[in-house]
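Visitor: First to last, the sequence lines map onto chains A and B.
Residues 3 to 805 in the numbering used here are what the first sequence spells out, letter by letter.
Residues 296 to 407 in the numbering used here are what the second sequence spells out, letter by letter.
Treat the hints as calculated values from the structure; they're not laboratory data.
Mixed in with the good hints there might be a few duds.
As a list, the in silico DMTMM-like pairs of lysine to aspartate or glutamate whose alpha-carbon atoms are at most 25 Å apart [claimed, not checked]:
hint: 1; chain 1: A; residue 1: Lys611; chain 2: B; residue 2: Glu314
hint: 2; chain 1: B; residue 1: Lys390; chain 2: B; residue 2: Asp328
hint: 3; chain 1: B; residue 1: Lys387; chain 2: A; residue 2: Glu741
hint: 4; chain 1: A; residue 1: Lys556; chain 2: B; residue 2: Asp338
hint: 5; chain 1: A; residue 1: Lys585; chain 2: A; residue 2: Glu432
hint: 6; chain 1: A; residue 1: Lys778; chain 2: A; residue 2: Glu805
hint: 7; chain 1: A; residue 1: Lys504; chain 2: B; residue 2: Asp347
hint: 8; chain 1: A; residue 1: Lys795; chain 2: B; residue 2: Glu385
hint: 9; chain 1: A; residue 1: Lys72; chain 2: A; residue 2: Asp87
hint: 10; chain 1: A; residue 1: Lys195; chain 2: B; residue 2: Asp328
The lines below spell out each chain.
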Amino acid sequence: MKHERLIVIGNGMAGVATIEEILKKPSPPTITVFGGEPHVNYNRILLSDVLACAKTTEEIFLNSREWYEKHAIQLHPGVFITGIDLDHKQVIAQSGERYEFDKLLIATGSVPLIPPMKGVDKKGVFTFRNIEDTESMIQWAARNDRAVVIGGGLLGLEAARGLTNRGMMVTVVHLMGHLMEKQLDATAGAILKTEVEKMGIEVRLNCTVKEILGKGKVEAVRFSTGDLIKTDLALITAGIRPNVKLAEEAGLAVKRGILVGYHMQSSHPEVFAVGECVEFRGWTYGLVAPIMEQAKVAAEAIAGSRSLVYGGSTPATTLKVAGIRLTSMGDFQQNGADCEEITYADPNMGIYKKVVLQGNRVAGAILLGETEDGPRLLEWIRKGTDVGPFRKSLLWDGNGAQPRPIPVAGMQDNETVCGCMSVTKGTIVEAIKTHKLTDREGIGEKTRACTSCKSCGPLIDQLLEDALGSTYVAAPKVNDLCACARMTRQALRQVIQERQLKSYSTVKESGCLGDCGVCKPGVSFLLSEIWPKDYADERQARFINDRVHANIQKDGTFSVVPRIYGGVTSPEQLRRIADVAEKYNVRMVKITGGQRIDLLGVKKEDLPKIWADLDIPSGHAYAKAVRTVKTCVGSDFCRFGVGDSTALGIEMEKRFEGLYTPHKVKMAVSGCPRNCAESYVKDIGVVAIEGGWEVYVGGAAGMNVRKGDLLCRVDIGQEVLDAATKFLQYYRENGEYMERTYDFVPRIGIETIRRVIFNKISGEPDRLLERFHEAKSAVVDPWKKESRRPVHKRQFSDLTIVE
Amino acid sequence: MEIPVEHKKMVLVRAGTVEDIPRGEGRCFTIQDRRIAIFHLEDGSFGAVDHDCPHRGGPLSDGIVGRDSVICPLHGWRIDLRTGVVIGQEGKSVKTYPVRIEQGEILLKVQG
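Please model the entire structure based on the sequences and the hints provided.
Guide: See below:
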């Protein structure tokens with residue numbers, strides 16, 4: 003077997019995965035690889051991450067040139083093989099040059115399917131298969147605004163999201179009655195459609211594109227109905243077909259794909275095939291995990307052993323779209339005779355779970371919205387586990403709030419941990435030991451596990467923890483609400499909504515929190531945001547400032563800041579403030595940066611009396627809430643002013659006052675771009691320009707200085723209010739507690755924010771306004787007479803000793 | 296019966312009734328220049344520690360109460376109410392006082 007020559011046609015994931023397996027064998031053959039693309043091997047499924055700005059091209063490369071060199075693999079990148087001469091056991095390159103082989107592996111993958119339509123040759127029409135497609139699409143997206151994605155399958159949706167992230171208005175056109183029909187049933191498809199639309203992506207179903215129009219470059223697409231939509235980019239993601247041209251011409255048996263047997267051999271005994279180009283017992287696969295399974299079998303066969311057998315794969319797919327959790331596996335249709343369905347659906351929450359059972363064995367599943375059960379279900383499908391004994395808890399363990407521990411310790415070494423890359427527990431555990439790995443990244447590098455959809459991350463963490471014991475350092479879970487909660491804000495939000503929890507105590511009792519105390523104010527805010535009208539305010543769950551409506555100072559006294567709308571006051575108001583300051587021996591009267599007056603050094607027990615004497619609304623300087631709206635003099639007096647900044651500032655402050663937010667929100671309105679109110683460095687800053695206004699968000703002038711991002715330019719003040727309202731409500735619902743807008747805006751991305759809060763098609767802008775008004779109508783000024791009565795007899799006072 | 300020497304120095308103080316402190320909150324009281332924070336924990340029990348945070352003297356009675364700890368409102372130091380130990384700050388602690396409830400009254404033992 004020594005120095006047998008193996009030629010591999012195809013430098014993609016399947017070809018190289020097989021090579022990697024072959025290299026593990028004793029005395030591997032000399033290997034020559036031909037790749038149609040001018041690169042080293044890369045992770046094709048992560049192209050959607052590249053398009054979505056989540057990764058760079060460099061980050062998705064799998065094997066370096068050094069790797070090829072180290073293993074003496076001759077790589078011919080960018081060299082097309084145009085023929086296979088089976089009689090002489092040679093492959094023929096485009097140049098005419100011939101290369102001899104003893105064994106041949108065909109891994110030519112697939113090509114995009116182009117449905118019959120006119121105009122596909124125009125500039126701006128793309129397919130989404132390789133790095134070149136992705137990079138040219140990114141360049142095109144940077145210069146253009148509208149995109150139509152033809153085909154609402156997995157790839158189409160990932161691409162749509164990616165193009166949205168690139169700042170495009172995207173419409174997805176799908177031939178079928180629901181999205182991703184190969185992985186989803188109609189119910190799941192409908193819920194997914196809503197989730198996709200929430201991202202500002204328009205979806206058109208039952209729609210066939212007949213023609214792509216434009217003079218040289220795409221300008222519109224026309225449907226079979228005759229309808230027309232304008233667009234600058236058309237992306238065809240209508241499916242793939244196995245790339246069988248070479249095999250077919252060489253005379254190998256081919257149907258839809260290259261026909262292979264149990265050992266991945268083709269109809270010729272020395273020719274093998276793996277990946278998307280093969281057909282096994284009528285099945286073709288376009289997913290990574292099956293390919294990895296095939297690679298192991300093929301490597302074994304090429305090494306001359308028949309000990310491994312390929313028996314087909316269970317398809318399992320995870321949609322890689324940020325914000326949507328979706329996994330589909332196995333046979334999710336109810337096809338078999340003794341099949342039954344178990345479903346749970348909450349369309350408003352975007353949750354749908356379905357398990358198809360066939361005689362007490364799981365045949366398939368769809369998980370949308372909550373996918374934690376994915377690995378467990380897939381393992382049951384693969385092993386054919388009898389799930390009869392725990393049917394009741396297949397979808398529900400009776401305590402939805404508790405994250406279910408995944409019993410990784412009980413898994414066998416040959417059980418799969420990473421479904422995407424088909425990596426077993428044994429492989430990972432061995433890699434941890436051999437290479438002394440300490441984190442997910444290291445494991446990804448050595449085994450490829452957890453490099454794609456990442457849903458096996460928690461399992462890998464457990465394996466690390468088991469292997470390393472006390473030396474294991476958990477990766478910081480940045481998204482967890484709190485160290486005592488171990489779940490994200492969104493997850494807790496769902497639990498709160500699902501189970502109608504309306505007070506901190508009930509959330510605590512639900513078992514979601516460890517009651518460390520730290521997250522009490524955050525959870526209180528979350529509750530007030532979800533249930534503005536009927537949330538049960540529990541004072542013990544709030545910071546002292548919110549219990550006494552004043553700002554605690556270093557000596558335990560408090561500061562009082564009355565509201566001065568837009569920083570505009572009057573002699574009468576000033577006199578009242580002065581009188582109060584004298585009467586209560588206020589230690590310092592300070593003009594604040596937000597253009598109002600701070601009375602410092604007030605004793606807790608004096609607070610209610612001061613509010614009564616002031617008789618001015620609360621300035622909420624003590625709260626994570628809307629603070630001030632700073633203004634300049636504006637067009638009323640200033641000779642440069644182009645907009646009435648004081649009037650608009652006052653209106654804004656009145657509209658937003660009293661509203662609680664994830665962190666404080668400071669605003670400003672400047673009457674001209676000289677920006678005297680410092681609008682560019684506010685959470686929401688407004689600047690008058692000739693004939694209109696600019697609205698900036700996410701500015702900062704604290705520990706860090708950041709100029710806000712331009713949210714929009716509008717004509718009139720009402721539109722400013724409208725835009726600011728939508729942004730503020732969006733921030734209230736999506737900001738992490740204690741996350742200022744200057745972190746929030748860059749995290750979400752200004753384009754995404756714009757798309758979500760202004761895209762009328764989705765209905766989201768109106769929903770934001772509606773929820774804002776609901777929240778605002780529930781605002782109560784705690785300084786007002788009606789609310790001044792203490793909530794407890796000792797709200798403001800110490801205990802007294804009974805003698 | 297012999298009374299332990301230590302006990303002779305302790306005084307029993309009546310610091311109001313259980314209704315004086317809302318559940319999940321703390322309140323302060325002063326006895327002979329000493330300020331003590333008493334907490335009404337969520338499980339219904341009571342605990343008492345010196346009022347001033349060992350960090351910068353923050354008023355612990357105004358802190359947020361966790362299951363068995365209080366978080367100082369000034370800079371977030373967290374104090375275990377059973378032991379008085381500052382969590383995560385080696386060697387720092389506050390004094391704790393035994394609290395007893397009798398017929399709704401909060402009784403506290405302090406050194407006289």
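Visitor: All hints are to be evaluated individually against the structure, with a verdict given for each.
Guide: Cross-check of the supplied hints:
no.: 1; hint: A/Lys611 <-> B/Glu314; verdict: 24 Å, holds
no.: 2; hint: B/Lys390 <-> B/Asp328; verdict: 15 Å, holds
no.: 3; hint: B/Lys387 <-> A/Glu741; verdict: 30 Å, violated
no.: 4; hint: A/Lys556 <-> B/Asp338; verdict: 30 Å, violated
no.: 5; hint: A/Lys585 <-> A/Glu432; verdict: 75 Å, violated
no.: 6; hint: A/Lys778 <-> A/Glu805; verdict: 48 Å, violated
no.: 7; hint: A/Lys504 <-> B/Asp347; verdict: 34 Å, violated
no.: 8; hint: A/Lys795 <-> B/Glu385; verdict: 38 Å, violated
no.: 9; hint: A/Lys72 <-> A/Asp87; verdict: 30 Å, violated
no.: 10; hint: A/Lys195 <-> B/Asp328; verdict: 67 Å, violated
The structure does not agree with the numbered hints 3, 4, 5, 6, 7, 8, 9, 10 stated previously, though it agrees with the rest.
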